[in-house]
Amino acid sequence: MWNSLSIVLIMIGMVFFIAGTLGLLRFPDVYTRLHALTKADNVGLGFLVAGLMLQADSLTTALLLLLIWVLVMLAGAGAGQLVAQAALQRQHPVAKSQDDGRGHD
Amino acid sequence: MSTPLLYALAGVGLCLLGLYGLIVYAHLLRKILALNIMGSGVFLILVALARRSGDSPDPVPHAMVITGIVVAVSATALALVLLVRFSAATGRNQLDDDEHSP
Amino acid sequence: MDSFFITVACLLLLTLMAGLWRVLRGPTAVDRMMAAQLFGTTAVAILLLLAEALGQPAMRNVALVFALLAVVTVMAFVHRAWPGDEPRHQQRGRHDDVE
Amino acid sequence: MGAAMTEAGLFLLDLLLVLTLLCLAWWSLAATDLFKGIVLFIAFGLVLALAWVRLDAPDVALAEAAIGAGLTGALLLTTLSKLASSIDNPPAKRSSPVLLWVLLVMLAAVLGYAIMSLPQQAQGLADTVASQMGNSGVEHPVTAVLLNFRGYDTLLEMAVLLLALIAAWSLAPRAATSCEMDEALTVSPIVLALFRMLIPLMILVAAYLLWVGAHAPGGAFQAGSVLAAAGVLALLCGKRLEGRLAGWPLRLGLVLGTAMFVAVAAAVMVGGAHLLQYPLASAGKLILLIEAAATFSIGLTLAMLFSGQRPSRGPAS
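Residue numbers (the numbering used here), protein chains in the order written: chain A, 1056 to 1160; chain B, 694 to 795; chain C, 770 to 868; chain D, 443 to 759.
Next comes chain A alone, as it looks inside the complex:
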């Protein structure tokens, strides 16, 4: 029961990692790629850690896993904010035109 639940959770995490990588490869500009990236960081690792926490043999291990996830999230949030800000200040181009905004593939 716990095993299958953790398999499902880890699979979901895996999907987010693949999606994040695909986003990094396919999205057209810095900002959208950053968006894809943080999904792998936060959600992907989150599900994976949740799946592994079910397998943890002690409370300490489970808490350590949780701490690692929180740290990765903090780092991802901080780094994402920093990179996006710096990219905007240096006027990195936004893909295609901003006017029609949500249209492109």
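Everything labelled a hint here was simulated from the structure, so no lab data went into it.
Quick caveat: nothing in here was measured; it's all calculated off a predicted structure.
Keep in mind that the hints are not guaranteed to be accurate.
[To be verified] Listed below are the simulated SDA-like cross-link pairs for lysine to any residue, each with C-alpha atoms no more than 25 angstroms apart in a straight line:
1) D:K727 with D:A715
2) A:K1094 with A:Q1110
3) D:K524 with A:L1080
4) D:K681 with D:P631
5) D:K524 with A:W1057
6) D:K478 with C:L793
7) D:K524 with B:G784
8) D:K535 with B:V777
9) D:K535 with D:L546
10) D:K478 with A:L1143
11) D:K681 with A:K1094
Given chain A, work out where chains B, C and D should sit, using these hints.
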């Protein structure tokens, strides 16, 4: 192929790549990267060979490699300081090797 | 269960290799840096999976160190090495080293 | 899902890791643009840490993780920004003569032969270390080797770190008064606050690694590297460590590790023992004392090496 052997051969590969890069590329920063890669190859060979002892790997090469990593990073830092000074003094990032200066 | 963890670890390593394409291709420095950032998270995930599969709890500490120190490189990148048009980045002797 | 499948999966993982390592190393050296090369080198460090883990070397993995993530990347990126020209495209290279290829092929053959001819199973010094563990004062073999059995090496290594820093200082200009931060960039205070919050956490993890080193992977070098990363982050966030600690406190901190090591090594001789031969009853405590001092000094030395500036003689005015 056993795991230690695979990694040890990969270490040999890294050594050779590093040596090639060290000799062929002129930019000093590339040379520093190449030296680091060569060093990593040596570490990889040492640790891979330490794993041959089965359940608990030989701790002596591990200890050597840990000190090696810290020494390597301090040597790299020193090399980078030298590079920055050289670059600031001459405006160049590579040594003259083919020209014979008087 | 162990073989499942290892399979997922292999898949994650494959996504890491796919992400390398973005590092190689760029086009801008920040794209490469972000891909490296993703590699850090992927490495954390692989370490956690292997720690469980191989029964080596010490690997979780390695993952902890990676998670904790991930910001240092990004900070160095944004503050010191963002190539481009920083005012203090004087392009002195720009092509001197190309003979 | 049996043991055989686990074995096959691990072998596949090993193959992928080795392949990635070699590709990253090559691309990093041959990259058209130096920045790309450095990013690939950072990725190389990450994958190398995974390789250490596969080789059952968690201590090495910890050191690699701390140094690779916390120091190497920041060092290389900072250096790149200080170079007169960061452009090397296409990479300037010397034409590779036949002699070089002969050398490489010969080296490959010799190294390959040497490794293939070694026995597949070898105990090395593992048994010797295991039999002496009771006399070491700690329970983790790598720590026992580093701080007790091969204490000389570690002592000399601390001296090497100091020498590297002295050499770097002798080359570097005195610390400038201006702030190193990029003036063009305004970082939101939230991000700065977040990062500053991480610094105490790093110090905490360093202390944890130091403590855990007595019986599990960890120890002075790993802890020192994490501490150095905390210092690097502090420097990058605009804190001027060398300004605050300038003068004798900084210098005392730098030599503390080596001095403590030498002091303990010599003090045991009063009791009639050899240099660095700790009395069995207090070996554990002495090792922890040396390691604590060494952690502090390693962290400070590496952070100062990153800063790359010679601090002024007196405290900041």
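Hints, one by one, checked against the model:
1. Proximity of K727 (chain D) to A715 (chain D) is assessed by CA-CA distance (about 17 angstroms); at most 25 angstroms being required, the pair is judged to hold.
2. Proposed proximity of K1094 (chain A) and Q1110 (chain A) is supported: the alpha carbons are some 24 angstroms apart, at most 25 angstroms.
3. Our distance criterion of 25 angstroms between C-alpha atoms is broken by K524 (chain D) and L1080 (chain A), whose separation comes to about 31 angstroms.
4. About 14 angstroms separates the Cα atoms of K681 (chain D) and P631 (chain D), which keeps this hinted pair within 25 angstroms; it holds.
5. The suggested pairing of K524 (chain D) with W1057 (chain A) is violated, with an alpha-carbon distance near 54 angstroms, which exceeds 25 angstroms.
6. Of the pairs offered as hints, the one joining K478 (chain D) and L793 (chain C) holds, with about 7 angstroms between alpha carbons and a cut-off of 25 angstroms not exceeded.
7. A C-alpha spacing of about 11 angstroms is found between K524 (chain D) and G784 (chain B), which places the hinted pair at or below 25 angstroms, so the restraint holds.
8. For the hint linking K535 (chain D) to V777 (chain B), the alpha-carbon distance of about 20 angstroms falls within 25 angstroms, and the restraint holds.
9. This hinted pair checks out: K535 (chain D) and L546 (chain D) have alpha carbons roughly 17 angstroms apart, not beyond 25 angstroms.
10. In summary, the hint linking K478 (chain D) to L1143 (chain A) is supported, as the alpha carbons are separated by about 21 angstroms, within the 25 angstroms threshold.
11. Simply put, K681 (chain D) and K1094 (chain A) have alpha-carbon atoms about 32 angstroms apart, too far for the 25 angstroms limit, and the pair is violated.
Hint compliance for this structure: hints 3, 5 and 11 are not met, and every other hint is.
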